[in-house]
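Going down the list, the protein sequences come from chains A and B. Just so you know, the first sequence maps onto residues 4 to 616 in the numbering used here. Just so you know, the second sequence maps onto residues 53 to 525 in the numbering used here.
Calculated from the structure, these hints are not laboratory results. One or more of the hints may lead you astray.
Unchecked claim - Taking lysine-lysine pairs in the DSBU-like style, the calculated list, with each CA pair at most 35 Å apart, reads:
no.	chain 1	residue 1	chain 2	residue 2
1	B	K122	A	K7
2	A	K7	A	K123
3	B	K403	A	K226
4	A	K103	B	K122
5	B	K212	A	K175
6	A	K123	A	K97
7	A	K108	B	K403
8	B	K459	A	K7
9	A	K109	B	K59
10	A	K297	A	K148
11	A	K393	A	K544
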Amino acid sequence: MNNKSRILAIGVVIVALVLVIRLFFLQIIDTEYKISAENNAYKYITIYPVRGLILDRNGNILVSNRNSYDIMVTPVDLQPFDTAALCRIFSIEKEFVREKMAEYKKNRRRIGYQSVVFLKQVTEQEYGIFLEQIYKFPGFSATSKSIRDYPYNAGANLFGYTTEVSDEFLQKNPSYRMGDYVGASGLELSYESVLKGEKGYTIMQRDVHNRILSPLAEGAYDKPAIPGKNIVTTIDGELQQYGEYLMQNKVGSIVAIEPASGEILSLISSPGIEISKIANISRYYNEIINDPYKPMFNRAVMSAYPPGSVFKIVNGLIGLQEGVISESSQYPCRGGYYYTPTRILRCHAHRSPLDFPHAIMMSCNAYFCYVLKEILENPLYENMDESFAKWRSYVESMGFGEKLGSDFPAELGGTLPTAETYNEIYGKGSWRTSTIISLSIGQGEIGTTPLHLANLAAIIANRGYFYTPHLVKSIPDSTISERFTERRYTAIDSGYFDPVVEGMYMAVNSKPGSGGTASRARVKGLEICGKTGTAQNPHGKDNAVFICFAPKDEPKIAVAVYLENAGFGGTWAAPIASLLVEKYLTGEISRPELEKYMAESNLIEAAKLYKRE
Amino acid sequence: MKSYYRKLDWWLIICYLMLVITGWLNIYSSIYTEEHSSILDFSQRYGMQFIWILSALAIAAVIIFVITPKVYSVLSPGIYLIVLALLAAVLFLGKEVNGSNSWFVLGPVRFQPAELSKISTSLLLAYIMSRHNFRLANLRDALLTAAVIFIPMALIILEKETGSALVYMGFVFMLYREGLNGWLLAFGFAFILLFITTLAFSPLTSIIIAFAIAAVLNGAFSRQTIKQSLIAAPVAVLLAYLPAIVSGRRFEFLSGTEVEYIAVIILIPIVATAVIYGIKKRFRHTKFMAVSFACAILFIFSVNFIFDNILQPHQRARIENLLGIEEDLKGSGYNVHQSKIAIGSGGFLGKGFLNGTQTKYDFVPEQSTDFIFCTIGEEHGFVGSVIVIFLYSSLIIRIIVLSERQKNNFVRIYGYCIACCFFMHFFINIGMTMGIVPVIGIPLPFLSYGGSSLWSFTAMLFIFIRLDLERWR
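All chains should be built: construct the whole structure from the sequences, respecting the hints.
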């Protein structure tokens, strides 16, 4: 052996020693790997916690739980079985079983010794028959899991649904495991961390043949599941159900708020997801997603609708606050408002001229065109940009143009133009009041959600401030977010609300024939104050809008009703709102024939299906 | 005939048989199920492996008794070219198996030309390098040698069998034996080391290591190792604290707890005197060392570039995982993590034959092929694993020892070639199962399941045993 070959031989010995030393560390010194191996040899059986309940403001259960049975398979334990017998129990196709088996075989590496779901949510009867015959199907097992149950036939869009976690979600949230359920929309999503609870487990030992033997140390190391916490919502279950009953076969929404607290009493989007489908959403998901009326789309908090005449209140309040008009200012109406010598914004027939409360009561278009003109052409401001910015800041202070910040996850902010918007459309300096005159009556570049409008009603009811609308009243062991208990003042002084309230009171309660636009909303003794709106919809018939609150002093409820393609606000939206108010305030209905007519009218046929984002 | 038997190298043959039988039993254990409990059940891999073993023994017998050893040297260029043609053909005609394009599939039989190529390349290397006028220092000869190694290697890389190609790097040890400058080898290793430290720690760590290596080598050349190291050590320490010194972070004179900073302050005058001493003495080779050091620095800073831009994402993931930069136990680190758990859970004596829990439930993928060592580690523990390592090292060392005894250069060089191949497979495969080498999918010779690899390693070894016999003629 020469020098070099000796070096090489020594090299081989050194490498062998390195490997031996590494082995020594792995097998003798390090205990970490032995523990890991034990983890692999024990079977952790997950105990699922019960998801927290959702209660309404009066303590009624809105969302609870019931048992559901899943059939599981542990592919490594499978032995040949009677496929036909299995198919009979669950009335499934043989092809389905075959596909499943092929799938397990393909993924056997990934599945390892784990159990996977074979069939989801079988009926209690099927479950019972299966348990009797389970000995025929080695490798199969059944687990019961708690799923959602809905005692009230209402509020599906509001509560949202739970769904099995997706791969994407798992990657972002490592604390969840495959097969877990998680809130995917609505309150289930907003309050997931409160509702979900904590999983527990039982440790079972297994032997080399992968047979499960017994609980480890008689359960000494087991961890019990901690149930999720209940949440008490601001919703009134009865009212929610009643609202949904009135809204059947109509496209639109209702939002009702308690003005003194900002608590949402009901939030209805129609057509919504049927409550019977939401517990088993995965089965109906495609059907729901392909429904042309988009039941998943929560109109109440997502749609940006033109507010229509309801918005006149906002312009009127700004005019009063800015001092450009007063309660007694009168403007003529010559069948409309000539914003150029030849072009007219039409108005309906009513006496003229009117003062401010009567203009609200009769909803005169011309009056509010003058108001907007006075605001925007106020000599105090140098140019349109400046006066428009001022106008916008008032509107914004009433919550428009941005999300109100409720605890509803899908809430959107609507739209509110800026001077910049018009500069882009028309060029800087080349737009005037006449260019944007439709804003005076709530048309044009403005979009508001029904939640915004209900909030406007609440502002008027409170004479100048609001609480951020919210859905959750209390959660055990924690306090409600501060942003829901803080008054948010608008930029309008409370004194300017009186003429508005006066006008809204007259709109509903004045004598028939005197020109009130919302006399159909009148309920004796309730002192409802309201404002109608009939917003142009470029897709078919006009949208009917109505906001109101009641009673006039110390209001208990503020409501906004928005119906797509229904026609006049006074004809459709006002009665529905008044029925809701009546139901809430008195608990009974004094006009059963009106209720029947409203609930049974079908306006969905007229609703034009246009593409929503 | 009797003497013929006696002269066969039984040491190698016994090592071989023990490894093959160990492999078979462990394949049986790693995929054992109760319904196929016979080790001769031919529907299972262990049954098939029995057939592969019998046929491998037949091949061995043919090599020993039938084929004249003369053919190996005479036909080596022809064999080499045929195998090259197969390597090229498989690129177009081959079937894709597990993401690599290197298999011929003829009905039930699968065959990988890359396995044969190790033998043909070894033979051709032995052939050209044993010619009487061959000098490795001669540029033409050196280029020819390089071409013989790199052409099949390149084709194998094209087949996406990077692991097999890496085995060819092992021939560098044979070249070292045949006259390659040892320093070149040392530099090669130094650069690999720097590559790893740069990625695993930081460029600064690598600079310090490069500096230390340069200083030690410079000392070794000028035969003043101790003095040079005395100078280098404080400089290295100083460098190590450079970031802290430059940023001034927490560097307050005698602030109390920071002992190492005080040490640095004491070291500064020592370093200064040492540097002055070094310059005065004007050591030889210092220039060469300075240039190498500069190259090393350049290399260190290009490593990040190589890593981010040249390596494939999965290769990056494997290296990152190995170096512990990003430990992804469910993704690219899954195999190794599970394999380490399996080996680690074996303990001193193991869980016993057929009693492994980790390897049985498919926790470890590829357990009967590339990760067969896990089964041994889990079921036979430290003792069993050390025996296997011992068998391999004795096999390799025995080949080296026998090669040195050859009068015929052809046989010696061939012997070194196959020793290198066995060594690379042995080190990479076992190192991979224990997480000290990245996951490179190459089999453990004689133990892993698979006919094509067992046949070719058997042929490789028995050609050498037959050639060794010629010594006695």
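Now the hints, each set against the structure:
Restraint check for K122(B) and K7(A): satisfied, since their Cα atoms lie roughly 28 Å apart, inside the 35 Å limit. Between K7(A) and K123(A) the CA atoms are separated by roughly 69 Å; this puts the pair beyond 35 Å, and the hint is violated. At most 35 Å may separate the alpha-carbon atoms for a hinted pair to count; K403(B) and K226(A) meet this at roughly 30 Å. For the suggested pair K103(A) and K122(B), the alpha carbons sit about 60 Å apart, so the restraint of at most 35 Å is broken.
For the given pair, K212(B) sits about 33 Å from K175(A) by alpha-carbon distance, which is consistent with the 35 Å threshold. A threshold of 35 Å between alpha carbons decides the hint, and for K123(A) with K97(A) the separation of about 17 Å falls inside it, so the pair holds. Proximity of K108(A) to K403(B) is assessed by CA-CA distance (about 29 Å); at most 35 Å being required, the pair is judged to hold. Simply put, K459(B) and K7(A) have alpha-carbon atoms about 17 Å apart, close enough for the 35 Å limit, and the pair holds.
A distance of roughly 53 Å separates the Cα atoms of K109(A) and K59(B); the hinted pair therefore is violated under the 35 Å criterion. This hinted pair checks out: K297(A) and K148(A) have alpha carbons roughly 30 Å apart, not beyond 35 Å. A threshold of 35 Å between alpha carbons decides the hint, and for K393(A) with K544(A) the separation of about 34 Å falls inside it, so the pair holds.
Hint compliance for this structure: hints 2, 4, 9 are broken, all remaining hints hold.
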